[in-house]
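A.B. asks: Now for the letters of each chain:
2 protein chains.
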Amino acid sequence: MLPFKTLIVPDKKSAIPVYLQIANKFVTLISEGTLKPGSALPSTREMASLLQLHRKTIVAAYEELFVQDWIETIPRKGVLVSQHLPDIKPRIFKANKKRSAYGLATGFSLPDNILNSSFRINASGHRLIINDGFPDIRIAPVDLLVKEYRRLCHRPAVQRLAIYGEQAGSMNLRKELVRFLADTRGIDCQPSNMLMSRGAQMSLFIAAGIILRPGATVIVAEPNYHLADQIFQQYGAKLVKVPVDHNGIDVDMIEKICKKKKPDLLYIIPHHHHPTTVTLGGDRRMKLLQLIRQYNLAVIEDDYDYDFHYSSSPILPLASADHGGNVIYIGSLTKTLSPSMRFGYMIAAENFINEAIRLRRMINIRGDDLMEEALATLFHDGSMQRHLKKSVKLYHQRRDYLCALLKKELGDVVSFEVPQGGMAIWVKFNKKYSLPAISRKASQKGLYISDGSAYNIGSVNQNAIRMGF
Amino acid sequence: MLPFKTLIVPDKKSAIPVYLQIANKFVTLISEGTLKPGSALPSTREMASLLQLHRKTIVAAYEELFVQDWIETIPRKGVLVSQHLPDIKPRIFKANKKRSAYGLATGFSLPDNILNSSFRINASGHRLIINDGFPDIRIAPVDLLVKEYRRLCHRPAVQRLAIYGEQAGSMNLRKELVRFLADTRGIDCQPSNMLMSRGAQMSLFIAAGIILRPGATVIVAEPNYHLADQIFQQYGAKLVKVPVDHNGIDVDMIEKICKKKKPDLLYIIPHHHHPTTVTLGGDRRMKLLQLIRQYNLAVIEDDYDYDFHYSSSPILPLASADHGGNVIYIGSLTKTLSPSMRFGYMIAAENFINEAIRLRRMINIRGDDLMEEALATLFHDGSMQRHLKKSVKLYHQRRDYLCALLKKELGDVVSFEVPQGGMAIWVKFNKKYSLPAISRKASQKGLYISDGSAYNIGSVNQNAIRMGF
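Listed in order, the protein sequences are those of chains A and B.
If you count the first sequence from 1, you need to add 291 to reach our numbering.
If you count the second sequence from 1, you need to add 291 to reach our numbering.
Derived by calculation from the structure, the hints in this document are not laboratory data.
Ideal Cβ placement from N, Cα and C applies to all residues, glycine included.
Be aware that one or more of the hints could be misleading.
The list that follows gives simulated cross-link-like pairs (lysine-lysine, DSS-like), each with its CA atoms no further than 25 Å apart [said to hold, decoys possible]:
no., chain 1, residue 1, chain 2, residue 2
1, A, LYS368, B, LYS438
2, B, LYS327, A, LYS438
3, B, LYS438, A, LYS347
4, A, LYS466, B, LYS680
5, B, LYS736, B, LYS722
6, A, LYS368, B, LYS316
7, B, LYS699, B, LYS680
8, B, LYS316, A, LYS327
9, A, LYS438, B, LYS368
10, A, LYS304, A, LYS736
11, A, LYS466, B, LYS327
12, B, LYS368, A, LYS680
13, B, LYS438, A, LYS438
Chain A residues, not near chain B, derived (Cβ > 10 Å throughout) [said to hold, decoys possible]:
no., residue
14, ARG677
15, LYS680
16, GLN688
17, GLN711
18, SER725
Listed next, the stretches of chain A that the computed footprint assigns to chain B, with coverage defined by at least 3 CB atoms under 8 Å from CB atoms of chain B [claimed, not checked]:
no., region
19, 434–440
20, 516–523
All chains, full assembly: derive it from the sequences and hints.
C.D. replies: Have a look at this one:
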């Protein structure tokens with residue numbers, strides 16, 4: 292073993308955290324060849340005792356090296372220096388002399404009406420990332436959920452549950468959600484009005500798939516959540532764009548459109564609209580509800596982060612009012628848990644849910660029934676509700692902190708309105724500053740910041756990005 | 292507390308298992324009103340000591356009661372008699388005087404080209420179920436997987452992993468699968484040829500969505516996996532049905548069709564075809580490959596349970612041969628784990644995978660990256676491979692056992708061929724016996740058996756069902 296104690300001497304007064312100092316030292320040792328590929332590192336315990344540091348510091352340092360691909364964990368061997376080092380462009384699979392059939396492009400040609408999407412965060416190579424507004428998994432009750440999941444797996448009834456789950460998703464979870472939605476946003480529905488899905492996105496894809504046929508028209512906001520627009524176009528629908536101001540979508544214009552020709556669908560995000568974060572004003576809401584009833588307008592209300600609002604009197608969703616069965620309400624639990632745990636739901640009239648169940652089966656035969664059952668338990672015993680209360684408080688503080696910081700540090704560069712909810716601020720940059728250029732320069736310094744192109748899906752250059760907190 | 296020791300006296304010599312006797316006694320006590328709704332039951336430990344039985348017996352009895360909805364578990368209160376008893380038709384949610392907007396049907400009308408599906412197992416009320424061939428979750432390494440998942444959740448890198456996963460699914464898992472597929476079925480591909488999805492079904496939905504436009508033609512087997520036919524029709528495609536005999540699909544007929552007009556897609560299940568379980572013969576396979584190259588035919592090869600074959604020399608998938616990049620190969624890990632854990636993958640040329648990634652994001656923004664990482668570890672340390680070996684042996688024995696039993700007990704009623712793989716036997720009933728009648732009668736005795744209608748999607752009455760082992 293190398294004399295790590297003399298090789299690694301962290302400076303506790305440095306601005307660089309100790310764990311990063313250690314990780315950086317290892318990177319040097321590996322890239323200089325002092326530590327050879329495949330050689331074993333001391334365990335975190337040993338290393339902690341060698342360097343007289345807390346073991347958590349060593350764990351964090353190893354994690355950093357692992358994330359950067361410098362080391363790997365091999366069962367029963369421990370932590371080794373990677374065989375494939377990041378500076379040597381890894382070629383993990385030997386190229387075959389004879390080219391594989393999958394080395395070619397398809398022999399048949401592809402239809403060309405699939406849309407491109409440039410919305411992609413490339414995390415690698417960036418130390419810091421300003422994202423679109425993702426939940427913080429560290430505060431989420433993921434561990435409780437997984438514990439409950441394991442407990443369920445040990446029950447004798449697991450086989451039956453795992454094979455013959457309910458088609459619309461766990462009945463226990465739907466019952467819990469019916470109560471939760473009544474309590475938190477006044478929605479009056481039954482479990483038979485609800486379909487569980489893999490995140491709100493899938494609910495949206497399914498709902499749109501039932502309503503839209505090629506040539507259909509959809510009213511959307513401009514700008515709009517880009518993946519919603521893509522879905523509608525994928526189904527061959529035509530978008531009718533209606534502007535958004537600080538009070539939400541322009542409802543008068545929706546009325547004008549309806550008067551001319553009733554559209555097949557209205558897609559709306561009344562709370563913390565994506566990307567602009569504005570909330571639909573109360574008077575517009577009333578007027579819109581009247582239009583929905585009058586025209587029997589099919590509406591998808593995407594309310595993906597209602598649970599995170601910071602004003603004392605939030606406006607209730609359209610779904611909670613008298614809408615004649617026309618509103619399909621879509622919600623998400625992913626924001627309350629972790630981006631990797633996708634739980635979404637759709638609420639609609641029963642005839643609609645029955646169609647949705649059929650389409651869902653074609654796309655995804657079933658959800659993870661056991662995980663849904665585990666989640667139902669967390670609602671039943673109040674863990675989810677408690678977590679939500681805590682995290683709303685936390686995100687509220689973070690919002691205020693980020694707003695203050697933006698005003699102080701970038702007051703002459705950006706403008707924004709304080710969002711009433713959600714996990715992001717819609718930050719407009721002064722036209723003098725070009726976002727693509729900022730994004731490029733930031734990237735060179737290890738900071739990922741969107742170049743704003745994902746939000747420019749219309750003809751307008753927003754020169755704005757969402758900043759998650 | 293009731294004097295359970297005198298109330299419950301199990302008869303150890305009875306043919307009814309002790310745990311069921313106990314459960315039944317409880318049902319009597321509850322339905323007679325001796326045990327009131329909401330009243331607490333002794334813990335399993337107490338009860339075991341009271342009745343001087345093993346605790347596992349009591350756990351099983353409580354499970355039975357739980358499954359039947361007689362009892363419920365309330366955190367920090369223990370096990371209680373349900374508030375909503377199964378004999379009183381439960382009306383969990385009070386009907387509102389004023390009818391909820393979701394109590395209506397939608398005000399707008401729905402397009403009517405969504406297909407119906409009668410394929411549904413109603414487990415409730417059935418003690419025994421003959422299913423389509425589902426894996427046995429009790430032997431699967433689900434617990435190992437969940438343990439690994441929890442371990443990942445505790446790592447400092449979890450936040451990054453959970454937010455910024457790879458678009459095509461975990462890179463580690465795809466690397467492991469590339470090795471696994473090369474080892475087990477000679478497929479030569481790279482991680483960039485692979486997209487992870489929620490089960491094989493979603494891969495099928497995505498692949499078809501890229502290839503098919505309204506009016507397209509698809510060659511399918513008759514009979515065929517019903518949810519595949521539904522997907523193609525959902526996309527507005529026309530089915531061209533080609534018969535299946537004991538050597539698989541009729542390849543000569545496929546050639547004739549191609550000569551007339553090249554179809555847009557061929558959908559094929561060469562191994563253990565669903566529902567008939569036949570495997571495509573070697574000579575037909577060669578001829579089909581030649582057709583695929585000659586016509587640049589787009590092919591979806593659905594190979595959902597290749598891993599479960601019991602003959603010594605299985606035929607390799609089309610995807611492993613020279614197909615000019617035209618074969619889209621779809622596989623599943625769900626059969627190796629649990630029906631509730633949906634892991635599927637698609638292998639195709641890179642240009643196709645890139646389109647598939649775009650469509651996948653519209654449907655399901657991402658998979659469960661953490662669970663995929665956990666699964667990669669199980670492949671990396673060999674747990675999955677070991678489990679697979681063990682379970683293939685077990686299903687092999689079960690197949691032989693069920694075949695012998697069918698021959699012995701129902702030899703004059705049914706006919707079948709021993710399947711080379713998979714988890715089900717395609718059992719044809721003598722025309723004298725009508726499956727819907729058998730199904731009805733069996734149901735009255737607590738046995739679920741399909742009425743065969745799900746397999747009659749063509750014009751032919753198969754009078755046959757799949758029996759899973």
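A.B. asks: For each hint given before, does the structure comply? Return the numbers of the non-compliant ones in rising order.
C.D. replies: Those not satisfied are hints 2, 4, 6, 7, 8.
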